[in-house]
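With these hints in hand, go ahead and build the complete structure from the sequences.
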Amino acid sequence: MESDLIIHKNGRQRKLVGASLPQVNMRDMDKGETSASEPDVEEEMEGLIRESDSEDRRHRVRPGIRGELGNVLLLLFLYVLQGIPLGLAGSIPLILQSKSVSYKDQAFFSFVFWPFSLKLLWAPLVDALYFSRFGRRKSWLVPTQYLLGLFMLYLSVTVDSLLQSEEGPNVVTLTAVFFMLAFLAATQDIAVDGWALTMLSRENVGYASTCNSVGQTAGYFLGNVLFLALESADFCNKYLRIEPKETGIITLSDFLFFWGMVFLVSTTLVAIIKRENEHSIGKRRVQEETQGVMETYKLLFSIIKMPTVFTFCALLLTAKIGFSAADAVTGLKLVEAGVPKEQLALLAVPMVPLQILLPVVISKYTAGPRPLDVFYKAFPFRLLIGLEYALLVWWTPSLKQEGGYPVYYYAIVLLSYALHQVALYSMYVACMAFHAKVSDPLIGGTYMTLLNTVTNLGGNWPSTMALWLVDPLTSKECQGAVGQSCSSPEEAGLCIKEGGVCVTTLDGYYVESVVCVVIGLAWWVWLGKKMKRLQEQSPAAWRCRVNH
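full-length UniProt numbering puts the last residue of the sequence shown at 548; the count rises by one with no breaks.
Simulated from the structure, these hints should not be mistaken for laboratory data. Hints may contain errors.
[To be verified] No farther apart than 20 Å at their CA atoms in a straight line, the calculated lysine to any residue pairs in the SDA-like style are these:
no. : residue 1 : residue 2
1   : Lys532    : Met351
2   : Lys529    : Leu226
3   : Lys532    : Pro307
4   : Lys530    : Cys313
5   : Lys104    : Ser475
In structure tokens:
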């Protein structure tokens, strides 16, 4: 009774939660880690499908994708569309930071990155409820994409006033609208993942994961890196214009309007032209299995009740506390120190080849019976990189020049980011390999999706907490006005009124960085060994006893 959930991806936290260094397309990061911190936790499922069919393929000529090129391009386009709102959501914290919002506001906005980690909660509903005449996947894809387009058009009209009101950016409304965008993108992801398995023939279904990776990455790049570069007046004047102007080539409202229209037009075309249930002659299709909503939820509950799984989930939910300050706050602190946000975003570009190569190289070391050994060895290195990030933030203001920052500074930031990616991917690939190893093959899809969900959630909540605690842990004093303090915004206002100035005596980010590393080391020493020992459990300890 294999759940239809075998096709659901857990979403790229790309960018996602907070602003990792830099807040860009770090696939956990979760992409994001910015948690956005760990890369996508799931290409395996298509891998499993490919393997299952490989025996057949050896005995016949592979038909190739020429006959299905249209379907592959449609899938790629749908995944690109999905990446756009995610990339935009990843760019907003950097824009907010340049407008000096509080870190509590940043923490509140970071809830935008949660829906991709929680989509397992409503994925069974997307699988089970639909209008059969319209199509199982189109029943969800069409309305969610229309809503995405309408939300973008609404934002294109209101976003300037939301970001530039007299009292400062309206973070609550921005969070609500971008949360809905992320929720709709996650729902669209469930529908597209499901459609991918039936849209492509069994011989070509392995291309679904390629479309997902390439499409989402391209969409995120368009919505994040390209947008931040073209929106920046400095970047456009320096590299793209002959005569300088005060604004960038595009504005956020222009960008939102353009993509809102693309969503509405393309969704209309898909709804009218693309039939979901057509079957090409001679092509073998992957048969979809339908499973009741309650059966799926009962199955998830029975998996998580197992002692080994429960222990493993508890470890996954706490493992990333030690990295939260580095992953969530560092990028924002660099923007606060004056590093141009578009330059930080552009550092993602040279990382792309590294992000493609790392999983290939690391998988050679995680292929054995003990993949979590790699996770355990990489853990302290990633903690040390967190301390190095804190030093980098401390060093940054002293290097600022009139024309910005020197080239060697960006080279050091890029090297730090690359080292961080090596440690992050080592842990991520090891974790994914262990998920594949222990998942009960009878319910592999549901099982792996659950573990991937917990992994992503384990990056989300510490990042939100890290952002929330920066302000309370920061100490400021009022200089130049007797008897005043700066312990609250109101008192800071009084200090300035009296002719004083609030000076930071201790930045909460440095406090957090040290505390996180201490917590991380404690986790590594005591709980890390417990995680390694889970590899010694017999396969039976991971089998789910349910009636199939």
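Next item on the list: Hints the structure violates: just list their numbers, smallest first.
Entry: The structure breaks hints 1, 2; every other hint is satisfied.
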